[in-house]
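*Asks:* Protein sequences, first through last, are from chains V and Z. Under our numbering, the residue at position 58 of the first sequence is numbered 58, and the numbers go up by one with no gaps. Quick note, our numbering runs 71 ahead of the 1-based positions in the second sequence.
If you're looking for bench data, these hints aren't it; they were derived computationally from the structure. Please note: incorrect hints may appear among the correct ones.
[Claimed, not checked] Listing some non-contacts, in silico: residues in chain V with all C-beta distances to chain Z over 12 Å:
| hint | residue |
| --- | --- |
| 1 | S2 |
| 2 | T5 |
| 3 | P6 |
| 4 | A17 |
| 5 | F25 |
| 6 | L26 |
| 7 | G31 |
| 8 | L41 |
| 9 | H43 |
| 10 | T48 |
| 11 | A52 |
| 12 | A58 |
| 13 | F68 |
[Claimed, not checked] Using 30 Å as the maximum straight-line C-alpha spacing, the simulated DSSO-like pairs for lysine-lysine come out as follows:
| hint | chain 1 | residue 1 | chain 2 | residue 2 |
| --- | --- | --- | --- | --- |
| 14 | Z | K138 | V | K67 |
| 15 | V | K65 | Z | K136 |
| 16 | Z | K136 | V | K67 |
| 17 | V | K65 | Z | K138 |
Built from N, CA and C at the ideal position, the CB exists for glycine as well.
There are 2 protein chains.
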Amino acid sequence: MSSFTPQIVKIWRERHADDVSLRMFLLTVTGFSLWTAYGWLSHSWPVTASNAVCLALATVILVLKLKFRRA
Amino acid sequence: MSSFTPQIVKIWRERHADDVSLRMFLLTVTGFSLWTAYGWLSHSWPVTASNAVCLALATVILVLKLKFRRA
Chain V
1 MSSFTPQIVK
11 IWRERHADDV
21 SLRMFLLTVT
31 GFSLWTAYGW
41 LSHSWPVTAS
51 NAVCLALATV
61 ILVLKLKFRR
71 A
Chain Z
72 MSSFTPQIVK
82 IWRERHADDV
92 SLRMFLLTVT
102 GFSLWTAYGW
112 LSHSWPVTAS
122 NAVCLALATV
132 ILVLKLKFRR
142 A
């Protein structure tokens, strides 16, 4: 979970994310979505909660990447 | 697991990783090291194997990041 934070801070500060892989974060967001759904469907709140936090953080990186994408 | 691959390919092709957060991948490598150790110590081969693969891939990104770091 904590590993996403420095990347968010870095993109936000530098307003630049060209070297960050869009595909990496598309796959990361997809993966955490599936894990969150799995946690939810299996009624496991630790799985749901931890993956929902990761999903939120990875989504922030994906949105920042798209925001600062070169035209 | 698969999410790391596009980032590896991207850094390798572009020989450039300035926007990739060093701290993110230091934390990622640490996290997967701990998960791999946990899998090993709890004799769970699916946990050990999947986290060992993620550890290897995240380590490749970390090494590429350091390799292409600006002087």
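*Asks:* Hint by hint, say whether it matches the structure.
*Replies:* Against the structure, the hints come out as follows:
At roughly 6 Å, the least C-beta separation between S2 (chain V) and chain Z is not larger than 12 Å, which violates its mark as non-interface. With a minimum CB-CB distance of about 8 Å to chain Z, T5 (chain V) fails to clear the 12 Å threshold, and the non-interface call is violated. Against chain Z, the non-interface label of P6 (chain V) is violated: not every CB pair exceeds 12 Å, the least being about 3 Å. In this structure A17 (chain V) is not separated from chain Z by more than 12 Å, as the shortest Cβ-Cβ distance comes to only about 5 Å.
Non-interface status of F25 (chain V) relative to chain Z is broken: a Cβ of that chain comes within 12 Å, the nearest being about 8 Å off. With 12 Å as the threshold on Cβ separation, the claim that L26 (chain V) sits away from chain Z is violated: the shortest Cβ distance comes to roughly 8 Å. At the 12 Å boundary, the C-beta of G31 (chain V) falls inside the reach of chain Z, the nearest C-beta of that chain being 6 Å off. Every CB of chain Z lies more than 12 Å from the CB of L41 (chain V), the least distance being 20 Å, so the non-interface label holds.
Here H43 (chain V) stays apart from chain Z, with its beta-carbon at least about 21 Å from theirs, past the 12 Å limit. The claim that T48 (chain V) is not at the interface with chain Z holds, since no C-beta of that chain comes within 12 Å of its own (minimum 19 Å). Every Cβ of chain Z is farther than 12 Å from the Cβ of A52 (chain V); the closest lies at roughly 17 Å, confirming the non-interface assignment. Remark: the non-interface label on A58 (chain V) conflicts with the geometry, its nearest Cβ contact in chain Z lying 9 Å away (cut-off 12 Å).
With a minimum CB-CB distance of about 9 Å to chain Z, F68 (chain V) fails to clear the 12 Å threshold, and the non-interface call is violated. Of the pairs offered as hints, the one joining K138 (chain Z) and K67 (chain V) holds, with about 28 Å between alpha carbons and a cut-off of 30 Å not exceeded. Using a Cα cut-off of 30 Å, the hinted pair K65 (chain V) and K136 (chain Z) holds, with the two alpha carbons roughly 18 Å apart. Between the alpha carbons of K136 (chain Z) and K67 (chain V) the distance comes to roughly 23 Å, so the proposed pair stays at or under 30 Å and holds.
For the suggested pair K65 (chain V) and K138 (chain Z), the alpha carbons sit about 23 Å apart, so the restraint of at most 30 Å is met.
In the structure shown, a violation is registered for the earlier hints numbered 1, 2, 3, 4, 5, 6, 7, 12 and 13, in ascending order.
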